[in-house]
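Participant: Residue numbers (the working numbering), protein chains in the order written: chain A, 122 to 237; chain B, 36 to 149.
Mixed in with the good hints there might be a few duds.
[Claimed, not checked] Derived pair list, reagent style DSBU-like, types lysine-lysine, alpha-carbon separation capped at 35 Å:
id	chain 1	residue 1	chain 2	residue 2
1	A	Lys-162	B	Lys-72
2	A	Lys-141	B	Lys-77
3	A	Lys-135	B	Lys-57
4	B	Lys-72	A	Lys-135
5	A	Lys-141	B	Lys-72
6	A	Lys-162	B	Lys-106
7	A	Lys-176	A	Lys-162
8	B	Lys-93	A	Lys-162
9	B	Lys-106	A	Lys-141
10	A	Lys-185	B	Lys-106
11	B	Lys-77	A	Lys-185
Hints were generated in silico from the structure; no laboratory data involved.
All values reported here derive from a predicted model rather than from experimental measurement.
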Amino acid sequence: GAVVSQHPSWVICKSGTSVKIECRSLDFQATTMFWYRQFPKQSLMLMATSNEGSKATYEQGVEKDKFLINHASLTLSTLTVTSAHPEDSSFYICSARGGSANTEAFFGQGTRLTVV
Amino acid sequence: GENVEQHPSTLSVQEGDSAVIKCTYSDSASNYFPWYKQELGKRPQLIIDIRSNVGEKKDQRIAVTLNKTAKHFSLHITETQPEDSAVYFCAASRGTGGGNKLTFGTGTQLKVEL
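Using the sequences provided together with the hints, build the complete structure.
Facilitator: The following block contains the structure:
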């Protein structure tokens, strides 16, 4: 099946710094990618929809100035957590659906962010 | 927007028994319903999915049923094995194209005991 690669798989950063997470579709073009956040023992909550060549669409309650999304090509989307705080510590995971005819959503490996 | 509810939140079964997880959705326009299995610290993996034009789909020990009228769908795992232990998520989507987002249920922690 299609492959979505995300990195880093884990990162520890100091409070107030920024962290960039990359999500790549390795063998298909993804016009749209999705960014989720998952707290321990909770579900995947959609943060934003990343659209190639245009602005991301953020879910209600998600600060677009804090979670910067860039989708500069059909195979790469990045999420930057700016001025990170301990409450931003979470598991961030991206997803892409393989084109118009392929319904399955493929997930990246996820990034465990710990802000200290 | 879509709201997906999932029950139970935890489920313990004996090895060899069946497990059933149920989900309801709110958006009548949703037409694609996948189920994911997630092991601790890992990415969700698709285990089975169903589209709204069918009522049931089976793949070996796993089956999914869909009742569009009642807006609910269920996952059935038969002959459970210890390696089935994981968190299972249902999801719903309005479309099957690349731009259609998935809304996830709250998850079910399945534990298969020896």
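Participant: Against each hint, give a clear statement of whether it holds in the structure.
Facilitator: Hint check:
Distance check on the hinted pair: Lys-162 (chain A) and Lys-72 (chain B) sit about 13 Å apart at the alpha-carbon level, within 35 Å; holds. At most 35 Å may separate the alpha-carbon atoms for a hinted pair to count; Lys-141 (chain A) and Lys-77 (chain B) meet this at roughly 20 Å. Note on Lys-135 (chain A) and Lys-57 (chain B): the hinted pairing is violated, with a Cα-Cα distance of about 41 Å set against a maximum of 35 Å. Our distance criterion of 35 Å between C-alpha atoms is met by Lys-72 (chain B) and Lys-135 (chain A), whose separation comes to about 32 Å.
For the hint linking Lys-141 (chain A) to Lys-72 (chain B), the alpha-carbon distance of about 27 Å falls within 35 Å, and the restraint holds. Distance hint between Lys-162 (chain A) and Lys-106 (chain B) is fulfilled; the C-alpha atoms sit about 26 Å from each other, no more than 35 Å. Between Lys-176 (chain A) and Lys-162 (chain A) the alpha-carbon distance is near 31 Å, which keeps this suggested pair within the 35 Å criterion. Simply put, Lys-93 (chain B) and Lys-162 (chain A) have alpha-carbon atoms about 28 Å apart, close enough for the 35 Å limit, and the pair holds.
Pair hint Lys-106 (chain B) plus Lys-141 (chain A) does not hold up; C-alpha atoms about 39 Å apart against a cutoff of 35 Å. Restraint check: the Cα-Cα separation between Lys-185 (chain A) and Lys-106 (chain B) comes to about 33 Å, which is no more than 35 Å; the hinted pair holds. Restraint check for Lys-77 (chain B) and Lys-185 (chain A): the C-alpha separation of about 26 Å stays at or below 35 Å, so the hint holds.
In this structure, the hints that do not hold are numbers 3 and 9, in rising order.
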